[in-house]
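Protein chains: 2
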Amino acid sequence: MENIKHKLLVLSGKGGVGKSTIAVNLAVWLSMQGKKVGLLDIDIHGPSIPKLLNLNGKGVQVLGDKIKPILYSNTLKIMSIGLLLPDDSSAVIWRGPMKHNLIKQFTSEVDWGQLDYLVVDSPPGTGDEPLSIIQLIGNADGAVVVTTPQQVSIVDVKKCITFCRQLNLPVLGVIENMSGFVCPQCNSKIEIFKSKGGEQMAGEYNVPFLGSIPIDSDLVSACDSGKPFVQFNTQSPTAQALCLAFSSLLKTEKTQSNKEK
Amino acid sequence: MENIKHKLLVLSGKGGVGKSTIAVNLAVWLSMQGKKVGLLDIDIHGPSIPKLLNLNGKGVQVLGDKIKPILYSNTLKIMSIGLLLPDDSSAVIWRGPMKHNLIKQFTSEVDWGQLDYLVVDSPPGTGDEPLSIIQLIGNADGAVVVTTPQQVSIVDVKKCITFCRQLNLPVLGVIENMSGFVCPQCNSKIEIFKSKGGEQMAGEYNVPFLGSIPIDSDLVSACDSGKPFVQFNTQSPTAQALCLAFSSLLKTEKTQSNKEK
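Heads up: the protein sequence lines correspond to chains A and B, in order.
The first sequence runs contiguously to residue 632 in our numbering.
The second sequence runs contiguously to residue 632 in our numbering.
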């Protein structure tokens, strides 16, 4: 872990808000900026990263006492329990201590090499997995917190910010996903899951707001087919919203680390 | 637990698919059919039930060695860790063993009384919480598995069905939530998260398909304002889709229990 310059955790109090989508696109975007990047998926029960990058069926090699991560590209290394399972439908029926041991292996026995950034995709909640990674990863730069705009999601994400504060993990910012929807037939803007909830909450908790990502059925299709949106749909407004949010994130991170110096 | 006739678990491999929305509406619908119902929320990190039923701020009483559940109505009793927290933003930063102890208290020390149905809303995944409840609850009738139609969700839900089978918990059926969207401006049908994925998966795994629930921004608003849809929006097509799915569920349950006899 000491060969890794920056460590970013993608967190959320709530499932299904698009954490893995954000984590994958952030990692791919960073690697497209010329950075050496690792993407670590610590969602043990529902690992989505292999599907989102179309890596299913790619096996992981063990060389000596080191596990070789899968290369998505020359500058992007991936590790996920999904790469170790025999098939899609295999369930990992584990309690906390076993999950802790696996996360320990992922941080200490994977051959990450020299990295500019490690992006960690964590499952929802404030339990074993996020606790373990924060303890095991050492000094993380901070957390990117993902939410959707509706109140039922905001409630859980507030808990996530409380969690970060109690563990002294800086919150680098909030991304509001699934924010508004533009009907592709009539161009009306429909607020299916509302909008602005994430922005208001960020203001209330005095954490940076990084941007809103609209609901986009093309993004859903891209996820299902394993083609990261920021790489394959560069011209779409949704991809541009993602890139803008990631640029804001790097700016916040820089300001924060300058302050610390 | 022996005073409870039927025990139904609402499960999903994936977060954010609407498990809590389905659990709340199922419990309210059963109570509207004249049944005595309990609704137990075992999502320790992100309890949504108090918000979905507008119960925030209602305290729980302890009488002798029994915890009194909150009454939503004369025939519907509720228990959730959300009812025990000082406020919305409090995070429960617990590892597995503490979560197991709380779920044990919820099953053994809550004064549920005589119930026709206990509906349990579980967090996503195949880890501590669903493992604990299945072990502690005794003979459950089975699981209602909730998914959304897109492949990224289906992958996790397959794991959930594998989990049920390994633990000998009958799968009573699959509900496909967020299935298609009708633009309220132009009435075009837009498949934001696709559709039919849940139905196909149910066929593939030979488990009953209970029905599809469309994406409906009125349902999102109802969740945020704590007004269960099947009670307050009885005429809406979405509420009718929910009621149809619940009727199918009871039919499946009956057939299954007749087979066992």
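Worth flagging that the hints you see were computed from the coordinates, not collected in a lab.
Treat the hints with care, since some could be wrong.
As the list makes no split between identical chains, a pair holds if one copy fits it or if it spans any two.
Derived lysine to aspartate or glutamate pairs resembling EDC-like cross-links, with alpha carbons at most 20 Å apart [claimed, not checked]: (1) 632 / 373; (2) 567 / 589; (3) 598 / 482; (4) 632 / 562; (5) 567 / 459; (6) 625 / 480; (7) 560 / 589; (8) 567 / 373.
Here the structure is a predicted model, which means the values were calculated and not measured.
Results of checking the hints against the structure:
1. Proximity of residue 632 to residue 373 under the C-alpha cut-off of 20 Å is restricted to the intra-copy arrangement: shortest distance 19 Å within a copy versus 62 Å between copies.
2. Taking the shortest Cα distances, residue 567 and residue 589 sit within 20 Å of each other only across copies (17 Å), while inside one copy they are farther apart (22 Å).
3. In the homo-oligomer, the alpha carbons of residue 598 and residue 482 never lie at most 20 Å apart, since the shortest distance is 25 Å inside one protomer and 51 Å across protomers.
4. When the C-alpha separation of residue 632 and residue 562 is checked against a cutoff of 20 Å, the pair qualifies neither within a copy, at 42 Å, nor between copies, at 49 Å.
5. Proximity of residue 567 and residue 459 under a CA criterion of 20 Å is satisfied inter-copy only: 19 Å between copies versus 36 Å inside one chain copy.
6. In this assembly of identical chains, residue 625 and residue 480 lie within 20 Å of each other by CA distance neither inside one copy nor across copies; the values are 29 Å within and 51 Å between.
7. In the homo-oligomer, the alpha carbons of residue 560 and residue 589 lie at most 20 Å apart both inside one protomer (16 Å) and across protomers (15 Å), since each shortest distance falls under that limit.
8. Taking the shortest Cα distances, residue 567 and residue 373 never come within 20 Å of each other, neither inside one copy (38 Å) nor across copies (47 Å).
Checked against the numbered hints above, the structure breaks hints 3, 4, 6 and 8 and satisfies the rest.
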